[in-house]
Amino acid sequence: MIKRDPFKIFLAVQGALFLRELSMRFSSGRMGIFWTFFEPFFQIFIFILIKLFLFASDDSTFDFAVFLALNFTAFNMFKNIVIKSTASFQANKALFVYKQVKPIDTLIARTMVEVFITGIIIVIFIVLGFYFNFDMTIKDLSMVTLGFIWLIVFAFAFGILAAVLHVFSDSVGKLIGFFMTALMFASAIFYTIEILPLELQVWLMYNPVAHFIEMIHGHYFYALTDSLVSYNYMVIWTMSMLYISLWLYSKLEKRIVSS
Amino acid sequence: MIELRNVSKFFKTNQEKKYILKDVSLKIPSNKNIGILGRNGTGKSTIMRMLGQIEFPNRGNIISTKSFSWPLALSGGFIGNMTARANVKFVCRLYGKSKQEIQEIIEFVKDFSELDDYFDMPIKTYSSGMRSRLSFGLSLSFDFDYLLIDETLSVGDERFKKKSKEALMKKIETCNVLLVSHDMNTLKEICDSGIVVHNGNISYFDDINDGIAEYMAINRQ
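Chains H and P are the protein sequences, given in the same order.
Using this note's numbering, read the first sequence as starting at 1 and increasing by one per residue.
Using this note's numbering, read the second sequence as starting at 1 and increasing by one per residue.
Excised from the complex, chain P in its bound form (with noise of 0.2 Å):
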């Protein structure tokens, strides 16, 4: 379970506070995979990296004995003149993994991203697209609660795509997912419940279905 309690979230702009979150209290059940929906800038990547533990709240508290993962996002958590090899060994180092398990985890990484040669060249010489199949194939090699994903699906050409939704399909049997997309069909395929973030509040839905009627509903105001 994900309890938020009185949680206000703000960011200041010149003429006044700016709320993603005001006041909010909100139990979300356990063991569900859950879709975050709203307009642009309305504050849906704040949540996932609040729940995540790598930005806070103004107010209030956000509890879960849950563990999440980074939030795989297209830019940020590699080290730019690293090689993706010691990007990879740095990331399992700090998750405590033994040499053997980060030899697997290297090894099922470089197989999974197809960076072939890259994978021993500095991570800045690469694309976007090469960056975030490094990042999602790291994150499927660690067994998380939850992993947080912030749009990185819909990278790479069709036939990656479909081999990392394959991935995460077989992934999700053991974990849970918070997915922020603005693909409706992504969302119904992956998602049981969704969040809809909107004016400073968000609401919880049990069906994902009642989650992207009423973000319609909101987009169509």
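Isolated chain H (complex conformation) (with noise of 0.2 Å):
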């Protein structure tokens, strides 16, 4: 057999991955494509309907529905790159008889379609900002950016660690579904933190997808600031989840690949 230059054989089974796993995202039942890009819109639905009927009118300085939308975009992509890394290795397992698969390929592979899924809902979400006149104006557009794919190296390190854990035991799956719960409230997804009592702002800084999320709109809507970010913060968890999950798994990867 010809020998393959290893980054070829990385791109390969790259690839192999990326088309399998999109495959079967949109083919587990036909219900699959249709609850993958209505999600985010229901959540947004539910929540601009909260605000309505609480707050009665709508007062902010911004565009309450982009607002969702934003926020909903980059916490659904950390959300379901933690949760599919979780179960990959499971899911994957018939896959380690080809010793070129590593298991953390099926999981940069599957980070990879929660990225492309989340691209697709960006453009969705622009074609029908401009269909409705939506005021969708970005203050920082490099900002946000970086914001995103600062998030998808912060998710991708979660997910690591979520994934070498479940190995030893199923309730890890169960406790992640929990915690994304708890995030969700917790992240500054449906307010800014600004507008938060001070005792409470000081306990919500202490999540770092926090931090995310309020530089992410932080930077996109011109009545916001990312004042409250502590890009220190983000940099230590960032670095420090690398590291503990990379550690972990090079440890443990030769028992996940025969477990």
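The set of hints was computed from the structure by calculation and includes no laboratory data.
One or more of the hints may lead you astray.
Think about it this way: if two alpha-carbon atoms lie no more than 20 Å apart in a straight line, the pair counts; the simulated EDC-like pairs of lysine to aspartate or glutamate are [what the hints assert, rightly or not]:
{"no.": "1", "chain 1": "H", "residue 1": "K99", "chain 2": "P", "residue 2": "E55"}
{"no.": "2", "chain 1": "P", "residue 1": "K110", "chain 2": "P", "residue 2": "D157"}
{"no.": "3", "chain 1": "H", "residue 1": "K102", "chain 2": "P", "residue 2": "E55"}
{"no.": "4", "chain 1": "H", "residue 1": "K8", "chain 2": "P", "residue 2": "E173"}
{"no.": "5", "chain 1": "H", "residue 1": "K93", "chain 2": "H", "residue 2": "D170"}
{"no.": "6", "chain 1": "H", "residue 1": "K3", "chain 2": "P", "residue 2": "D143"}
{"no.": "7", "chain 1": "H", "residue 1": "K99", "chain 2": "P", "residue 2": "E173"}
{"no.": "8", "chain 1": "P", "residue 1": "K66", "chain 2": "H", "residue 2": "D5"}
{"no.": "9", "chain 1": "P", "residue 1": "K17", "chain 2": "P", "residue 2": "E55"}
{"no.": "10", "chain 1": "P", "residue 1": "K124", "chain 2": "P", "residue 2": "E101"}
{"no.": "11", "chain 1": "P", "residue 1": "K97", "chain 2": "P", "residue 2": "D116"}
{"no.": "12", "chain 1": "P", "residue 1": "K171", "chain 2": "P", "residue 2": "E214"}
{"no.": "13", "chain 1": "P", "residue 1": "K171", "chain 2": "P", "residue 2": "D143"}
{"no.": "14", "chain 1": "P", "residue 1": "K32", "chain 2": "P", "residue 2": "E16"}
{"no.": "15", "chain 1": "P", "residue 1": "K161", "chain 2": "P", "residue 2": "D145"}
{"no.": "16", "chain 1": "H", "residue 1": "K99", "chain 2": "P", "residue 2": "D143"}
{"no.": "17", "chain 1": "H", "residue 1": "K251", "chain 2": "P", "residue 2": "E55"}
{"no.": "18", "chain 1": "P", "residue 1": "K170", "chain 2": "P", "residue 2": "D143"}
{"no.": "19", "chain 1": "H", "residue 1": "K3", "chain 2": "P", "residue 2": "D145"}
{"no.": "20", "chain 1": "P", "residue 1": "K32", "chain 2": "P", "residue 2": "D207"}
{"no.": "21", "chain 1": "H", "residue 1": "K3", "chain 2": "P", "residue 2": "E107"}
{"no.": "22", "chain 1": "H", "residue 1": "K99", "chain 2": "P", "residue 2": "E166"}
{"no.": "23", "chain 1": "P", "residue 1": "K162", "chain 2": "P", "residue 2": "D206"}
{"no.": "24", "chain 1": "H", "residue 1": "K51", "chain 2": "H", "residue 2": "E194"}
{"no.": "25", "chain 1": "H", "residue 1": "K93", "chain 2": "P", "residue 2": "E55"}
{"no.": "26", "chain 1": "P", "residue 1": "K97", "chain 2": "H", "residue 2": "D5"}
{"no.": "27", "chain 1": "H", "residue 1": "K254", "chain 2": "P", "residue 2": "E107"}
{"no.": "28", "chain 1": "H", "residue 1": "K139", "chain 2": "H", "residue 2": "D226"}
{"no.": "29", "chain 1": "P", "residue 1": "K27", "chain 2": "P", "residue 2": "D145"}
{"no.": "30", "chain 1": "H", "residue 1": "K99", "chain 2": "H", "residue 2": "E253"}
{"no.": "31", "chain 1": "H", "residue 1": "K51", "chain 2": "H", "residue 2": "E39"}
{"no.": "32", "chain 1": "P", "residue 1": "K110", "chain 2": "P", "residue 2": "E55"}
{"no.": "33", "chain 1": "P", "residue 1": "K188", "chain 2": "P", "residue 2": "D207"}
{"no.": "34", "chain 1": "P", "residue 1": "K12", "chain 2": "H", "residue 2": "E253"}
{"no.": "35", "chain 1": "H", "residue 1": "K8", "chain 2": "P", "residue 2": "D143"}
{"no.": "36", "chain 1": "P", "residue 1": "K161", "chain 2": "P", "residue 2": "E173"}
{"no.": "37", "chain 1": "P", "residue 1": "K162", "chain 2": "P", "residue 2": "E173"}
Using the supplied hints, reconstruct the complex from the two chains, each of which is provided in its own coordinate frame.
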């Protein structure tokens, strides 16, 4: 057999896994595609209703629907990368008989699929936004993009950790589920940290995801700022997550392959 | 050449470590078709999986510059809710095949495995015989230095067994096999040399007949 260049092998594996994950995502029942793209609209609809009923008038200086769309897109991407990663080793066990498929390859492929789906959702939002004349002006596109890319890296690191732990205990999957629901309420998705009482702000800013979301919408809207975001805090979280999860993974890779 | 350097492999049971290999060093020469013999539960399949680099020794190294196929066993390697066609495509992509090569391999596998309409049905609907026909056909389409075969030759009806044996004989003109089997006739027919696994040690026999004799002697104990 002709020896292949390691990087070419990696690309071939990624290509194969990506197409496979994508086709599985969209063939999971007839409603597979529908829910993937309908979920964010449903979330936005619910929270707009809540805001209208609870606070009666919309007095914000930015478009609340655009605000929700932006935050939910970012948070759902984070949530889906982590959740899909968690079950990835179990789901792809059969593939480890091919020695070029390393467990982490399946995590990279799943992350890429989620990023791809997020891309499609963003395009749908932009098209609808133009069609219905929403105000979608962006203050700083490059910082918003950086926020998204950074969040992908953070979610990937988080996903590795969850996936490795899940090999040893099935309860990790359940815990991640609860954890994500809690995070949705604690991550500045349908409010800005600024409007909250000071005691609450202090607590919520321990949550790294809140920093990411604040960073993204702080740079998107002219009416908002990133004054509460600590970029140092985000760097520390990302670096230590990457370090811990990759270290654990490298220690346990062989056990995961042959388990 | 395949070289084992101080290889130890064990599994933990509740009471003790159960050794499959205990500090084994061994050189297996190239260009031989090798049969792996041993009683049930001695670790033949584990040794094969270690050679295929999907299972790893607890200590020591297994060194070889040769390429090994995935272990062809009765189960595994396929995704249940994908069709045979999608699975074949997927494996081809893993090995970096071009579009045209993929098309050729699909035609070959479809023809060889005799799955007909089932070729476009999810694999979870297959019987184990159908599965291994597919798996065997697919492995014949790649050029490895060694094919790892774990007792899959004994599936299917007489006609298919004959067909797959003929295909394998043709294939081993250009590559070698590592074969786990309990069927002495198959081993004699296909293999040149043998490895006998027993009590945490393995011994290499240049002539398969010597290997079989040793295995018989162990069985009489």
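We went through each hint and held it up to the structure:
no.	hint	in the structure
1	K99/H with E55/P	holds, 9 Å
2	K110/P with D157/P	holds, 18 Å
3	K102/H with E55/P	holds, 12 Å
4	K8/H with E173/P	violated, 29 Å
5	K93/H with D170/H	holds, 15 Å
6	K3/H with D143/P	holds, 11 Å
7	K99/H with E173/P	violated, 25 Å
8	K66/P with D5/H	holds, 15 Å
9	K17/P with E55/P	holds, 17 Å
10	K124/P with E101/P	violated, 26 Å
11	K97/P with D116/P	violated, 24 Å
12	K171/P with E214/P	violated, 28 Å
13	K171/P with D143/P	holds, 9 Å
14	K32/P with E16/P	violated, 36 Å
15	K161/P with D145/P	violated, 23 Å
16	K99/H with D143/P	holds, 15 Å
17	K251/H with E55/P	holds, 15 Å
18	K170/P with D143/P	holds, 13 Å
19	K3/H with D145/P	holds, 11 Å
20	K32/P with D207/P	holds, 10 Å
21	K3/H with E107/P	violated, 25 Å
22	K99/H with E166/P	violated, 28 Å
23	K162/P with D206/P	violated, 27 Å
24	K51/H with E194/H	holds, 17 Å
25	K93/H with E55/P	holds, 13 Å
26	K97/P with D5/H	holds, 14 Å
27	K254/H with E107/P	violated, 35 Å
28	K139/H with D226/H	holds, 12 Å
29	K27/P with D145/P	holds, 17 Å
30	K99/H with E253/H	holds, 12 Å
31	K51/H with E39/H	holds, 19 Å
32	K110/P with E55/P	violated, 30 Å
33	K188/P with D207/P	holds, 10 Å
34	K12/P with E253/H	holds, 19 Å
35	K8/H with D143/P	holds, 18 Å
36	K161/P with E173/P	holds, 19 Å
37	K162/P with E173/P	holds, 17 Å
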